[in-house]
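K.L.:
Chains as they are written, first to last, in the working numbering: chain U, 162 to 459; chain A, 162 to 459; chain D, 162 to 459; chain F, 162 to 459.
Worth flagging that the hints you see were computed from the coordinates, not collected in a lab.
Glycine included, every Cβ here is placed at the ideal spot set by N, Cα and C.
Heads up, a few of these hints could be off.
To spell it out: a stretch of chain U is covered by chain F in this simulated footprint if at least three of its residues, at any positions, have a beta carbon under 8 Å from a beta carbon of chain F; those stretches are [unchecked claim]:
id, region
1, 404-417
2, 428-442
Away from chain D, derived, C-beta distances all over 12 Å, residues of chain F [what the hints assert, rightly or not]:
id, residue
3, S269
4, V335
5, A344
6, E352
7, D363
8, A400
Number of protein chains: 4
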Amino acid sequence: MSTESNSKPTVAFIGLGIMGAPMAANLVKAGFDVVGYNRSEAAVQALVAQGGRGAGSTAEAVRDADIVITMLPDSPDVEQVITSVLEHSHPGQLVIDMSTIRPDVSRSIAAAAAKVGVRVLDAPVSGGEAGAIEGNLSIMVGGAEADFEAARPVFEAVGSTIVHVGPHGAGQTVKAANQLIVAGNIQLLAEAVVFLESAGVDLERGLRVLGGGLAGSTVLNRKSEAMRTRNFAPGFRLALHHKDMGIVTAAAREAGVVIPLGSAVAQLIGALVARGDGQLDHSALLKLTEELSGRTTD
Amino acid sequence: MSTESNSKPTVAFIGLGIMGAPMAANLVKAGFDVVGYNRSEAAVQALVAQGGRGAGSTAEAVRDADIVITMLPDSPDVEQVITSVLEHSHPGQLVIDMSTIRPDVSRSIAAAAAKVGVRVLDAPVSGGEAGAIEGNLSIMVGGAEADFEAARPVFEAVGSTIVHVGPHGAGQTVKAANQLIVAGNIQLLAEAVVFLESAGVDLERGLRVLGGGLAGSTVLNRKSEAMRTRNFAPGFRLALHHKDMGIVTAAAREAGVVIPLGSAVAQLIGALVARGDGQLDHSALLKLTEELSGRTTD
Amino acid sequence: MSTESNSKPTVAFIGLGIMGAPMAANLVKAGFDVVGYNRSEAAVQALVAQGGRGAGSTAEAVRDADIVITMLPDSPDVEQVITSVLEHSHPGQLVIDMSTIRPDVSRSIAAAAAKVGVRVLDAPVSGGEAGAIEGNLSIMVGGAEADFEAARPVFEAVGSTIVHVGPHGAGQTVKAANQLIVAGNIQLLAEAVVFLESAGVDLERGLRVLGGGLAGSTVLNRKSEAMRTRNFAPGFRLALHHKDMGIVTAAAREAGVVIPLGSAVAQLIGALVARGDGQLDHSALLKLTEELSGRTTD
Amino acid sequence: MSTESNSKPTVAFIGLGIMGAPMAANLVKAGFDVVGYNRSEAAVQALVAQGGRGAGSTAEAVRDADIVITMLPDSPDVEQVITSVLEHSHPGQLVIDMSTIRPDVSRSIAAAAAKVGVRVLDAPVSGGEAGAIEGNLSIMVGGAEADFEAARPVFEAVGSTIVHVGPHGAGQTVKAANQLIVAGNIQLLAEAVVFLESAGVDLERGLRVLGGGLAGSTVLNRKSEAMRTRNFAPGFRLALHHKDMGIVTAAAREAGVVIPLGSAVAQLIGALVARGDGQLDHSALLKLTEELSGRTTD
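Please model the entire structure based on the sequences and the hints provided.
P.N.:
Right under this line is the structure:
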């Protein structure tokens with residue numbers, strides 16, 4: 162027993178929310194010694210019930226950990242928690258931030274960590290709550306190759322597609338690019354759907370032809386049904402995609418990269434959130450496109 | 162022998178260009194009696210060499226045909242040829258326009274044909290020259306169900322995905338929606354590529370992750386390599402996509418459908434054509450996006 | 162007396178609508194011998210009551226005229242009427258089309274007229290119904306210098322700013338540019354207004370400062386009050402501006418000119434018309450911008 | 162003499178750059194006791210040569226001042242300096258930030274200052290270097306009415322249009338709205354110019370007509386000549402307008418306000434800066450629009 166616990170590193174897991182909780186649970190299942198911390202005590206107790214250990218503070222969680230994982234809502238949360246992590250960390254620790262945040266913040270964190278001898282990876286994920294529960298997330302990792310290899314067992318416990326994509330910040334950049342393409346593809350599909358319906362096209366057949374050619378996409382495969390039936394239950398909420406488009410536009414601006422379509426769809430998502438539709442699935446871009454085209458039925 | 166030739170209808174094929182020539186040849190191979198007409202005599206002779214018959218005019222081609230196919234560059238060409246076809250047609254003939262034109266022109270043609278007892282289908286294709294040669298085009302068909310069924314043997318000689326999508330004009334609408342989505346998906350991929358490269362992301366790996374998730378698309382699968390290597394040999398030329406975006410924006414405007422992304426990417430394609438890049442593949446949207454981001458190497 | 166009436170040319174005026182009727186009346190007041198024709202008889206009678214003469218057809222109106230003016234809703238109307246005018250015209254006549262239409266149609270008309278020895282000017286106006294009644298329209302004229310000079314007395318009877326801006330089509334191009342700038346300026350003001358109100362800015366004071374600096378414009382001077390009070394009674398109706406933006410986008414596309422802002426505001430105007438707001442003043446772009454920002458009160 | 166100098170308050174002026182130096186000099190001329198501080202010693206000496214006093218640090222400048230003015234490049238500079246100002250300030254002091262920064266930063270500063278009993282105004286200016294030298298800047302002021310009145314003598318020494326537009330942050334919001342409208346108006350003019358030239362319109366005459374109607378604007382009056390002659394010497398540099406558009410888009414996003422045209426023109430300005438044209442006047446939006454339309458001559 163003690164042999165086995167010695168053989169697996171201790172992982173501090175900070176942020177046991179919708180994504181973090183099942184990820185931490187999967188680490189426990191994979192045999193890691195997981196010490197969880199979350200602002201709300203209930204989430205910590207849930208982890209303990211699944212075989213993890215609980216900590217009363219970031220400091221306590223980090224103290225004896227080999228690896229520290231953060232899974233938090235947004236850039237300011239990560240900045241604040243990592244500051245605390247670095248205060249209590251020891252040289253040689255590996256910190257993996259799996260939150261979706263701005264690439265420049267990931268780079269700043271890496272620079273700050275390097276000063277105290279701590280190694281850092283940015284490793285945002287895609288695949289949503291379902292992927293977190295099933296342990297088959299896609300993980301895009303930025304940082305040093307050796308650190309990526311050191312973290313691989315952890316990644317394999319929570320994900321199935323695991324790719325080292327470049328230096329610090331590169332993981333966040335790929336995640337941002339993902340959100341850019343997804344938002345755009347959804348909006349293009351929405352424009353096509355309204356256009357097809359306006360001409361009396363049989364939507365199911367029309368989308369079938371489109372899906373079989375160069376217009377085919379995972380968005381078309383997965384979101385057409387929601388659009389056809391106007392069922393906008395999430396899925397991935399517009400409020401989160403809005404946050405992510407903020408990252409995309411800020412990062413592109415910082416890099417001097419012009420993104421005309423990304424910028425335009427960010428405005429449309431912003432409109433939906435401003436109007437109070439932030440809790441709908443991002444396929445609800447159809448709703449706005451329909452209203453702009455005077456085609457609402459309600 | 163005569164039995165066999167009697168068993169297959171006679172097809173007049175008007176427009177033996179890059180797409181039309183191999184389509185007509187495939188009809189010959191499938192056993193149809195094909196009478197071809199083209200403005201340039203050489204194209205007619207090429208069809209005759211492959212077993213078809215030649216006609217010296219639209220009138221001559223149409224006279225004894227059961228089915229008339231038109232495959233022409235743009236709306237005005239189709240309007241002009243169909244006017245001539247209808248002058249020389251006889252009631253009961255089936256006219257199939259396989260050109261990519263404005264949906265409202267298809268509807269006008271159907272109305273004009275109905276007055277003289279001629280049945281019409283709009284049946285634009287996708288799949289490019291390769292699909293035309295191999296006989297595996299996608300065909301999206303608008304018109305009456307019975308006429309679609311009557312035309313099915315002809316469609317099966319030139320295509321593999323054959324879908325009746327709605328009333329007159331619906332085929333063109335689906336084709337336009339296809340061009341809208343494809344243009345947008347290419348531009349989004351271009352924005353992502355420039356963004357990824359600006360952050361030092363390993364592009365091959367980054368696109369691999371993106372392709373495996375919700376950002377995946379046929380465009381990403383087929384156009385990433387061209388973008389990575391900046392090889393913009395066509396493929397599908399920007400000049401043609403520009404023509405098609407003119408159809409998309411005009412048809413959407415006529416239908417009162419708002420297409421913010423479609424409209425924005427139409428401007429970008431227009432810019433490339435205006436600058437003299439019309440002969441490049443549409444993946445050259447990357448070239449413009451790079452230049453706008455100050456990232457050109459030449 | 163008869164000498165004086167002889168000294169003034171006979172003007173055929175075709176199209177006695179909201180703009181045409183007061184313009185024809187001003188020509189009568191200026192002493193011209195005006196022969197009016199309109200599809201609806203009532204408009205012709207109204208002109209006769211003001212001292213003009215009536216005609217029962219385009220042919221009759223054109224027969225003895227020195228100058229023919231057309232003032233019609235849109236490009237197809239002008240094409241049709243001018244065809245009839247040219248059939249009944251005689252060499253040396255001067256045809257002035259004062260409608261707002263596509264520049265390429267103006268150029269086609271000029272080419273067709275030249276073949277039968279008829280001179281043509283395109284001379285669209287701005288200034289609205291009020292300008293037409295008061296005879297102080299702005300007139301932007303395309304065509305030959307000599308023809309412009311020959312038409313000057315006519316222009317001076319209906320307008321106050323009269324400028325020869327270039328060859329055939331140039332008048333329409335300037336009018337289109339006018340509509341592009343006006344639409345954009347209104348939308349920018351609308352964005353500013355929603356933005357200012359969202360921050361609790363005193364709108365009257367804020368706009369006063371803006372108007373005094375580089376952000377000042379005639380749109381700001383004339384449309385701020387309508388925006389502050391949400392009084393969108395026309396003025397210039399969105400349905401007409403929508404028609405004009407169709408001209409702008411088509412003409413820019415034909416010329417290979419990229420208009421990113423023009424294209425974007427055309428979509429917004431299209432949305433308002435699609436939703437049924439076509440009868441509101443174009444300052445109602447504020448209404449859409451507010452709704453997109455979740456700030457509607459009703 | 163001493164009486165008069167006693168009657169005027171002491172003003173600490175932090176940030177003696179292109180704008181700050183002449184503003185401080187104008188305060189000296191108006192009889193204020195001005196203590197200047199700037200990171201570079203030379204700027205301080207220049208102020209002393211004009212009758213001001215120099216300080217060696219923010220702390221020293223602030224110590225005995227009645228009023229503290231900051232005139233700094235960007236939000237982070239202001240945040241840093243104000244933190245230092247508040248450390249050394251005394252209750253009752255009035256701090257006026259005349260920099261152009263994000264409205265939310267102005268609001269945060271006001272909140273922080275209130276905690277230590279210091280009153281704050283945000284008072285950004287427009288009018289450029291010329292306006293700063295001539296003392297006729299436009300000043301848009303956010304904060305409490307009483308503080309605005311207390312600051313009025315200072316404002317009157319540097320500006321001619323002085324308006325209290327609302328609560329803390331309102332000054333910055335109006336300045337941001339100004340930059341939004343100006344950027345958009347310039348781009349619309351650029352689109353119109355390229356469009357007019359493409360049709361052979363006499364540009365001087367065409368713009369004259371446009372300027373006389375609803376399309377008229379201060380931008381058209383002041384920037385047409387630069388556009389006609391392609392003289393893009395600043396004036397107001399694109400790099401600065403790019404910074405300001407960052408403020409506009411961030412503030413609009415924070416407020417949930419959708420700005421489709423503002424967002425689009427921000428992309429175009431970003432492109433110019435990315436390509437290395439940041440040192441040109443903002444009228445160089447014409448340059449990009451021309452290139453996108455394939456109309457460059459070099």
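K.L.:
In ascending order, which of the hints set out earlier in this document are inconsistent with the structure?
P.N.:
Numbers 4, 5, 6 and 7 - these are the hints that the structure violates, sorted from lowest upward.
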